[in-house]
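K.L.:
Build the full structure now, drawing on both the sequences and the hints.
Single-letter residue listing:
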Amino acid sequence: MASQALIPPATDSETDIDTTQISLFAVPGMHCAGCIGKIENGLARTPGIASARVNLSAKRVTIQHDSALSPPDLRAAIAALGFEAEPLADPGVDVAAAENRMLIRALAVAGFAAMNIMLLSVSVWSGAEGGTRQMFHWLSALIALPTVAYAGRPFFRSAWAAVRQGRTNMDVPISIGVLLTTGMSVYETLIGGEDAWFDGAVMLLFFLLAGRCLDSLMRGRARAGVAALLKQSAPGAMLLDDSGQSRWVAASALRPGMVMLVAAGERLAADGRVMEGESGIDIAFLTGESAPVRVRPGDLVQAGALNIDGPIRVVVTAAGPDTVIADIARLMEEAAQGKSRYVRLADRAARYYAPSVHLLSALSFAGWMIVGAGMHQSLLIAVAVLLITCPCALGLAVPAAQIVACGALMKRGVLVKDGSALERLAEVDEALFDKTGTLTLGRPVPRDLAGLAAEDRAVLLALVQGSRHPLSVALRQALEGEGVVPAALTDLREQAGEGMTGRLGDEAVALGRPRSLITLFDLAAEYRRGDQAVLLRFTDALRPDAVETLADLRAMGLKTLIASGDRPEALTEIARQTETTAIGHLRPQDKLALIERLRASGHRVLMVGDGLNDGPALAAGHASMAPASASDASQLAADAVFLGDRLAPVAMAVRAARRTVRVVKQNFALAIGYNVFAVPLAIAGHVTPLVAAIAMSTSSLIVIANALRLKAAAR
Amino acid sequence: MTGLTVLIPIALSLGLLGLAAFFWALGSGQFDDSDGAAARILIDDDE
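Top line first, the protein sequences correspond to chains A and B.
For the first sequence, position 143 matches number 153 in the numbering used here, and the numbering has no gaps at all.
For the second sequence, position 33 matches number 35 in the numbering used here, and the numbering has no gaps at all.
Misleading hints may appear alongside valid ones.
FRET-style restraints, in silico, Cβ to Cβ [unchecked claim]:
#1 A/E606 to B/A22: 53 to 59 Å
#2 B/A40 to A/L653: 22 to 28 Å
#3 B/I43 to A/L718: 30 to 36 Å
#4 A/Q599 to B/I43: 52 to 58 Å
#5 A/L653 to B/A22: 37 to 43 Å
#6 B/I43 to A/S77: 32 to 38 Å
Think of the hints as simulated: they come from the structure by calculation, not from any bench.
We put the beta carbon where it would ideally sit given N, CA and C, even for glycine.
P.N.:
Rendered as structure tokens:
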């Protein structure tokens with residue numbers, strides 16, 4: 011059965027599935043062979059579904075089905091198998107994966123060519139002469155020319171794009187070096203010369219492509235991690251037309267005034283106003299807070315919100331680009347433009363490196379011409395200089411260091427999205443924190459448990475065990491964390507909106523909404539036993555190590571600041587505990603403006619936040635981090651996402667990033683040191699293809715070995 | 003010397019064969035789901 015989905019089953023002639031369609035679903039809950047078998051076999055048995063194929067790494071399932079089945083039907087089919095699923099909007103179009111695959115192909119070709127040419131070159135170096143050498147050179151040319159044309163494309167393309175805009179990057183000296191070396195070698199082969207440099211050119215491509223592949227792999231891995239946490243907004247909605255008929259309509263075809271039927275468990279595809287029905291909706295993607303919000307007829311609901319309790323009818327007020335999420339996405343896009351102007355370390359080095367290398371090469375050509383070595387000899391030496399100085403070690407050194415550091419961080423629960431994020435993280439000198447959900451846990455934690463007798467705690471745990479209410483869950487976590495054993499209750503019952511009741515022996519116990527007082531800002535519940543009542547209050551607690559982490563960051567030379575949308579009174583306690591200035595009443599635009607102001611005064615800001623209201627600030631910060639409990643948009647905007655309840659990963663990531671940049675700079679120094687030895691040799695005309703091959707491999711090995719030291723970076 | 007004219011084409015075509023095999027494996031999606039491939043062997047066929 012396992013291989014069944016590989017080969018789509020033969021279509022029955024009677025069922026006549028002529029319009030098959032392919033849909034993609036994210037299923038975050040699957041994690042083992044049993045899940046794969048259940049989903050693939052279960053879906054294949056569902057009428058209308060031709061085949062299903064699970065991708066466990068990406069936590070996705072690809073379904074081939076009759077076009078009569080709508081996404082909600084498929085979703086229900088997966089739910090019937092016991093898995094939560096979210097439809098993914100665009101199947102198949104994965105630019106990053108395609109680019110990665112292209113790089114791996116180029117790497118394979120370059121590796122094949124480098125091995126074979128090296129084999130031929132070794133024979134030439136060990137003394138092949140005359141016709142044999144000539145034949146080996148021709149063979150090398152035959153392998154090298156298509157290889158350079160194919161495997162060199164990523165470099166040529168990027169170099170050409172840079173040159174056309176009048177800029178230079180790492181790829182410009184690489185492209186010039188490879189092309190000149192190849193051209194010169196072809197000429198040498200044509201005139202029957204002694205040395206051809208095909209091996210050098212192809213090996214250079216191989217090493218550099220290895221660096222590119224590492225870079226692309228790292229980005230892909232972190233993206234997959236974030237995408238697995240990500241829930242997409244609905245691809246469409248069930249519409250109710252005037253005749254009372256319902257039909258499925260794609261999100262792009264929704265218009266204001268249409269009426270959507272949103273069943274429990276579905277996401278809204280457009281902004282709207284509730285017409286009929288009452289339900290709780292989860293807008294965690296907007297606020298990062300998990301407690302559902304009650305909506306009644308007349309209330310506004312946003313696209314992407316998850317309807318939890320019951321079916322509602324919603325009249326569309328805004329769809330597509332006019333929705334609230336789309337607005338915030340635009341604001342974030344604009345804010346992120348500053349970040350895209352960031353020039354990576356390797357390219358910054360190339361700004362000095364490329365002109366000096368080209369100048370050196372030209373000077374040695376001119377020098378040997380003046381001395382009278384002849385055109386041919388001088389050109390050979392110039393090419394040798396260009397090849398030996400080609401930033402092989404640099405191109406490999408940076409991604410190698412970054413992927414090792416990112417791997418180490420990932421093991422400790424920090425997903426860094428790419429190498430440039432790591433570089434920017436190392437440069438920050440001011441850390442700006444959001445409060446709710448970032449410095450605090452963003453969920454209620456009971457405050458008054460210490461005052462309760464042991465027996466009461468046991469009763470309380472027994473009461474809350476069966477309830478899914480957020481406050482019950484918070485109580486259960488706290489009590490179970492203390493090792494409380496639940497008491498034996500009888501008559502246990504939950505009444506929606508009222509709370510839990512039960513009996514301990516012949517005494518009535520209950521946990522419910524407080525009768526005595528209504529607090530505006532604090533969450534509270536009342537525990538009743540017999541005729542006595544205890545008020546249990548809840549607060550949004552600080553993350554367990556928030557105070558230490560902020561002190562740690564200050565010790566590392568970062569200034570810290572709290573920026574919150576909350577009331578200033580709610581901030582005083584936290585500001586006092588963390589000894590940090592706090593600014594309250596900030597709207598998203600205000601946070602953005604604050605970051606701009608800090609930037610203008612020369613600071614590089616690390617933004618740490620979770621809610622959608624932090625999204626623009628996250629995008630605008632020099633670097634940014636978000637907890638894994640954050641809203642989807644914030645996780646997308648942030649450079650790094652950290653898992654768990656602790657805040658320490660923030661300090662750890664900054665420290666690891668600084669170490670990485672230090673190692674990268676060491677690698678630059680190593681590469682320059684190597685050039686100091688090798689370039690005079692090349693200028694003097696002593697570099698043969700053999701010397702170049704040895705020098706290139708050794709310098710690459712040294713920088714990789716240095717990068718591997720970062721394995722222990724995340725501590 | 004005559005041995006070379008036979009051996010070199012053989013060596014190169016074997017190398018090319020390996021390259022072609024890798025391309026085929028990449029194209030047919032064998033590296034798309036490394037976790038899944040590891041788990042699939044455990045699926046019980048006769049359920």
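K.L.:
Confirm or reject each hint.
P.N.:
Verification of the hints:
The hinted range of 53 to 59 Å is satisfied by A/E606 and B/A22, whose Cβ atoms lie roughly 55 Å apart. At roughly 23 Å, the beta-carbon separation of B/A40 and A/L653 lies within the given 22 to 28 Å, and the hint holds. Taking the beta carbon of each, B/I43 and A/L718 are about 32 Å apart, inside 30 to 36 Å as hinted. Range check, A/Q599 to B/I43: about 54 Å between beta-carbon atoms, so the 52 to 58 Å window is met.
Taken as a hint, the range 37 to 43 Å holds for the pair A/L653 and B/A22, whose Cβ atoms sit roughly 42 Å apart. A beta carbon spacing of about 34 Å between B/I43 and A/S77 agrees with the range 32 to 38 Å that was offered as a hint.
Against the hints set out earlier in the document, no violation occurs for any number.
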